[in-house]
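Chemist: Use these hints to put chain X onto chain A, whose structure you have.
Residue numbers (this note's numbering), protein chains in the order written: chain A, 1 to 76; chain X, 1 to 223.
For the record, the hints were derived by calculation from the structure and aren't laboratory data. No experiment lies behind these values; they were computed from the predicted model shown. C-beta atoms are modelled at their ideal positions from N, C-alpha and C, and glycine is treated no differently. Treat the hints with care, since some could be wrong.
Just a few of them, taken from the derived set where beta-carbon distance is under 8 Å, the chain X residues facing chain A [said to hold, decoys possible]:
#1 ARG57
#2 ALA60
#3 SER149
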Amino acid sequence: MVVDVVLKPEISDPQGQAVLGALGRLGHDGITSVRQGKHFVLEVDGTPDEAELQQIAETLLANPVIEDVELHLTTD
Amino acid sequence: MRIGVITFPGSLDDVDAARAIRLAGADPVALWHADHDLRDVEAVVLPGGFSYGDYLRAGAIAARAPMMRDVIDRARAGMPVLGICNGFQVLCEAGLLPGALTRNSHLHFRNRDQVLAVERADTAWTSAYSTGQRIVIPVKNGEGRYVGSPDDLDRLEGEGRVAFRYVDGNPNGSSRDIAGVTSEDGRVVGLMPHPEHAVEDLTGPSTDGLGFFTSILKAVVDA
Numbered sequence: 001m002v003v004d005v006v007l008k009p010e011i012s013d014p015q016g017q018a019v020l021g022a023l024g025r026l027g028h029d030g031i032t033s034v035r036q037g038k039h040f041v042l043e044v045d046g047t048p049d050e051a052e053l054q055q056i057a058e059t060l061l062a063n064p065v066i067e068d069v070e071l072h073l074t075t076d
Numbered sequence: 001m002r003i004g005v006i007t008f009p010g011s012l013d014d015v016d017a018a019r020a021i022r023l024a025g026a027d028p029v030a031l032w033h034a035d036h037d038l039r040d041v042e043a044v045v046l047p048g049g050f051s052y053g054d055y056l057r058a059g060a061i062a063a064r065a066p067m068m069r070d071v072i073d074r075a076r077a078g079m080p081v082l083g084i085c086n087g088f089q090v091l092c093e094a095g096l097l098p099g100a101l102t103r104n105s106h107l108h109f110r111n112r113d114q115v116l117a118v119e120r121a122d123t124a125w126t127s128a129y130s131t132g133q134r135i136v137i138p139v140k141n142g143e144g145r146y147v148g149s150p151d152d153l154d155r156l157e158g159e160g161r162v163a164f165r166y167v168d169g170n171p172n173g174s175s176r177d178i179a180g181v182t183s184e185d186g187r188v189v190g191l192m193p194h195p196e197h198a199v200e201d202l203t204g205p206s207t208d209g210l211g212f213f214t215s216i217l218k219a220v221v222d223a
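If we strip away everything but chain A, and leave its shape as in the complex, we get (with noise of 0.2 Å):
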């Protein structure tokens, strides 16, 4: 189970612009714009239940006032 928790787009990433700077400064023009993330990999026992995930990632690893989450079930 992974989960991606990115500032949502009207929320400024000065992270990301640092690293955007330092992009242009090594010469990689091309990329005009980086927003900084966070990715979390978690292990569930059993077969997931994707509606508590779901609430797990609203609730506590991501804050809805400034974040998307995006859910990506995983196996193997």
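Modeler: Frame of chain A; chain X shown alone:
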């Protein structure tokens, strides 16, 4: 009168908050985040610091601490709560105050004496001030940029819930120079700057912060 100060792992300013409460004439009561007992306090201060090392998001894990469940329940029933710096972040994460605090726009930790305008002098924590009064208290944070969606900010301003604004320079890029906000009933207040560090001439830039603590004493005694 008993005012609680909750210590979380990583709190830094709990001792100064307790001292400010004592200087104002009330009895500070040390509370531990992992307990479930508010020990008959009549108000609570959530102090500054770096609870849980700011892991996940500043204030996020502290907002889910056992004692915070009691604080949230009592605050919804009218108990006054003041969140300072990390405590403000905890209150926003706990849903007791709107908005969120994010990384400073310039990415630097900023530590300086700060001028604030008191916009709400009618909350439980600000009655010692007058509306529009300028006060000088320290600000020190790395994640103090107050944000919300434009619609939410408009609504907040429309409801008069901006309690403090930065004057003479915004230290962290906060939207609309917002330094602190209040709940609708004026009993839960949060701000990034530190009134508890401005209560004595010897150690602070002013004694302008003492009014927070004399205000709450009066609010509880009058209630």
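Chemist: Of all the hints numbered above, which does this structure not satisfy? Sort the numbers upward.
Modeler: Those not satisfied: there are none.
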